[in-house]
Amino acid sequence: MHWLGSPPNFYRFAGALRPWLMAVALASAAVGLYGGLVLAPPDYQQGDAYRIIFIHVPSAWMSLFIYATMAVAGLIALVWRVKLAEVIAMECAPTGAAFTLITLLTGSLWGKPMWGTWWTWDARLTSELVLFFLYLGVIGLYTAFEDRRRGARAASLLALVGIVNLPIIHYSVQWWNTLHQGTTVDFLDPARSSIAPAMLWPLLVMALATHLYFFASLLGRTRTGLLSLESGKQWVRVLVDGQPAQTTGAPT
Amino acid sequence: MAHWFAMGGYAVYVWPAYAVFLAVLAWDWFAPALRRRRLTRELRGKLARERTRGTRATRAEAST
Numbered sequence: 001m002h003w004l005g006s007p008p009n010f011y012r013f014a015g016a017l018r019p020w021l022m023a024v025a026l027a028s029a030a031v032g033l034y035g036g037l038v039l040a041p042p043d044y045q046q047g048d049a050y051r052i053i054f055i056h057v058p059s060a061w062m063s064l065f066i067y068a069t070m071a072v073a074g075l076i077a078l079v080w081r082v083k084l085a086e087v088i089a090m091e092c093a094p095t096g097a098a099f100t101l102i103t104l105l106t107g108s109l110w111g112k113p114m115w116g117t118w119w120t121w122d123a124r125l126t127s128e129l130v131l132f133f134l135y136l137g138v139i140g141l142y143t144a145f146e147d148r149r150r151g152a153r154a155a156s157l158l159a160l161v162g163i164v165n166l167p168i169i170h171y172s173v174q175w176w177n178t179l180h181q182g183t184t185v186d187f188l189d190p191a192r193s194s195i196a197p198a199m200l201w202p203l204l205v206m207a208l209a210t211h212l213y214f215f216a217s218l219l220g221r222t223r224t225g226l227l228s229l230e231s232g233k234q235w236v237r238v239l240v241d242g243q244p245a246q247t248t249g250a251p252t
Numbered sequence: 001m002a003h004w005f006a007m008g009g010y011a012v013y014v015w016p017a018y019a020v021f022l023a024v025l026a027w028d029w030f031a032p033a034l035r036r037r038r039l040t041r042e043l044r045g046k047l048a049r050e051r052t053r054g055t056r057a058t059r060a061e062a063s064t
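As you go down the protein sequences, you meet chains A and B in turn. According to the working numbering, the residues represented by the first sequence are 1 to 252, in order. According to the working numbering, the residues represented by the second sequence are 1 to 64, in order.
Wrong hints could be hidden among the right ones.
[As the list claims (entries may be wrong)] Derived lysine-lysine pairs resembling DSBU-like cross-links, with alpha carbons at most 30 Å apart:
{"#": "1", "chain 1": "A", "residue 1": "K112", "chain 2": "B", "residue 2": "K46"}
{"#": "2", "chain 1": "B", "residue 1": "K46", "chain 2": "A", "residue 2": "K83"}
{"#": "3", "chain 1": "A", "residue 1": "K83", "chain 2": "A", "residue 2": "K233"}
What the hints contain is simulated information worked out from the structure, not anything from laboratory work.
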């Protein structure tokens, strides 16, 4: 673990792992999308419109999962001042914002035919929008500082404060009377899940694909972040100058 | 095939949703690759400049 904490070691490790993660992510996404768009039957109430679920729900899970990952890395950055944790926390934010944006837009495209409106200020939708602004706030605060390490720590603090939003999003459909439908997949009590197996398995495969994608994306972003932060260091000089074959061509 | 593409009349909602998913993730994947390429180019330029400055300095030292 300590070995991996050193930037050059992490850089090499992430570079080796990333293509495999992305390959498995793409393969499982292909299986999941085939299962969701072709094999799964239409819903008896929502027809084929429900098929948005196979990207909407995994993206929504990712928007929360990435936020939690960012907050944990941020906590490590604040308490132990680990440079790698600072970079990981900050590189989580753009991908988290991307998944939150997907959740909001696909939800809108689902809401229009089902509820008759693109948007409503309901508890679930509003708290997810707040999450999007939290991600943008973290990115904005980080880039506002001249000293990037101080910026990362300030933004990590904001990320930690914003974590109160996660349970609000999760329980919003129970605490308030929302237009958004309730939970259909219950991991703690699978018997309570109200989704047919033919619809459930593509959803879970897509959830796996998005998690793997996130890790692959995060490793790539973190490598670039380390390269930028450590640009004066010897290992970066050797990497950039000594082995041009590794840095030109396809970015890995 | 056309029947499948019609998505039971919901094609105008289902396919844009999938397009959004793909487009946003494509941005997420390729934007850092561009940042990385720009960064490597900058670093290599900086190192090259340092090196020429270094050789010029040693040559100047030798001539005095």
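Okay, the hints, checked on the actual structure:
no. : hint            : result
1   : A:K112 to B:K46 : violated, 53 Å
2   : B:K46 to A:K83  : holds, 24 Å
3   : A:K83 to A:K233 : holds, 14 Å
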